[in-house]
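S.K.: The residues making up each chain are set out below.
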Amino acid sequence: GESVGLHLPTLSVQEGDNSIINCAYSNSASDYFIWYKQESGKGPQFIIDIRSNMDKRQGQRVTVLLNKTVKHLSLQIAATQPGDSAVYFCAENRGSNYKLTFGKGTLLTVNP
Amino acid sequence: GAGVSQSPSNKVTEKGKDVELRCDPISGHTALYWYRQRLGQGLEFLIYFQGNSAPDKSGLPSDRFSAERTGESVSTLTIQRTQQEDSAVYLCASSLEARYEQYFGPGTRLTVT
Chain A
124 GESVGLHLPT LSVQEGDNSI INCAYSNSAS DYFIWYKQES GKGPQFIIDI
174 RSNMDKRQGQ RVTVLLNKTV KHLSLQIAAT QPGDSAVYFC AENRGSNYKL
224 TFGKGTLLTV NP
Chain B
35 GAGVSQSPSN KVTEKGKDVE LRCDPISGHT ALYWYRQRLG QGLEFLIYFQ
85 GNSAPDKSGL PSDRFSAERT GESVSTLTIQ RTQQEDSAVY LCASSLEARY
135 EQYFGPGTRL TVT
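From first to last, the protein sequence lines stand for chains A and B. Counting with this note's numbering, you get residues 124 to 235 for the letters of the first sequence. Counting with this note's numbering, you get residues 35 to 147 for the letters of the second sequence.
What the hints contain is simulated information worked out from the structure, not anything from laboratory work. By construction, the Cβ of each residue, glycine as well, lies at the ideal position given by its N, Cα and C atoms. You may find that some hints are simply not true.
With a Cα cut of at most 20 Å, we get these calculated SDA-like pairs of lysine to any residue [said to hold, decoys possible]: (1) B:Lys91 / A:Ser219; (2) B:Lys45 / A:Ser163; (3) A:Lys165 / B:Val46; (4) A:Lys222 / B:Thr145; (5) A:Lys191 / A:Phe225.
What follows is a set of in silico ranges between Cβ atoms, one per label pair, in the way DEER data are often shown [to be verified]: (6) A:Asn145 / B:Lys91: 26 to 34 Å; (7) B:Glu78 / A:Asn220: 26 to 34 Å; (8) A:Gly182 / B:Ala36: 37 to 45 Å; (9) A:Lys191 / B:Gln114: 18 to 26 Å.
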């Protein structure tokens, strides 16, 4: 079936390293993608989004890359900090103008 | 400004009881969403409001679940005759318009015993 999934359920990095979190999607109708960060006991927090007419978008210490050919999305976090430790979700809109479909999430642990 | 707020933050109820969960969206946000998150899982879409209307209720798991929104503001999610499988965190989000990024509340953790 169609789904949004993640290659790695957990990722452990050293403080200061760069982190890359990957996400695969299967619905070619998706034209909007978002990355959310969820800390323990909190709701998801918007990080960055990208539309399908773009390949790359940069924010503060974060970059999202979209490869539509292989239906792959990645989130790069530069100089990872302990405060970046959280579960990261990718989500897609599957052509909808409101409904987001979320993946299972990747747990990022940053070691000091 | 104030973010999305939800109440209660935690709710423990006995199987068979009804529960009502409340969401206060960001002021001026026309779109409002409810999601369910089971332990260790991603978010499941439940329902979407545009204004006070719910054009998409397709994610509601059963007819025990209902939601309403009034004054293009507060929304309540009601679960009747709760079952143990209803135990989850229920998250509310709002956005300025349907296509804009969704801002989430902290969620209500529901435990059905």
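S.K.: Now tell me, hint by hint, if it's right for this structure.
M.R.: Okay, the hints, checked on the actual structure:
Distance hint between B:Lys91 and A:Ser219 is fulfilled; the C-alpha atoms sit about 14 Å from each other, no more than 20 Å. Using a Cα cut-off of 20 Å, the hinted pair B:Lys45 and A:Ser163 holds, with the two alpha carbons roughly 18 Å apart. For a cut-off of 20 Å, the pair hint linking A:Lys165 to B:Val46 stands: about 18 Å separates their Cα positions. In summary, the hint linking A:Lys222 to B:Thr145 is not supported, as the alpha carbons are separated by about 26 Å, beyond the 20 Å threshold.
With a CA separation close to 18 Å, the supplied pair A:Lys191 and A:Phe225 stays within the 20 Å bound. Distance hint for A:Asn145 and B:Lys91: a CB-CB separation of about 33 Å, consistent with the stated range 26 to 34 Å. In this structure the supplied range 26 to 34 Å is violated for B:Glu78 paired with A:Asn220, their Cβ-Cβ distance being about 19 Å. Distance hint check: the CB atoms of A:Gly182 and B:Ala36 are about 24 Å apart, inconsistent with the given range 37 to 45 Å.
At roughly 43 Å, the beta carbons of A:Lys191 and B:Gln114 sit outside the given window of 18 to 26 Å.
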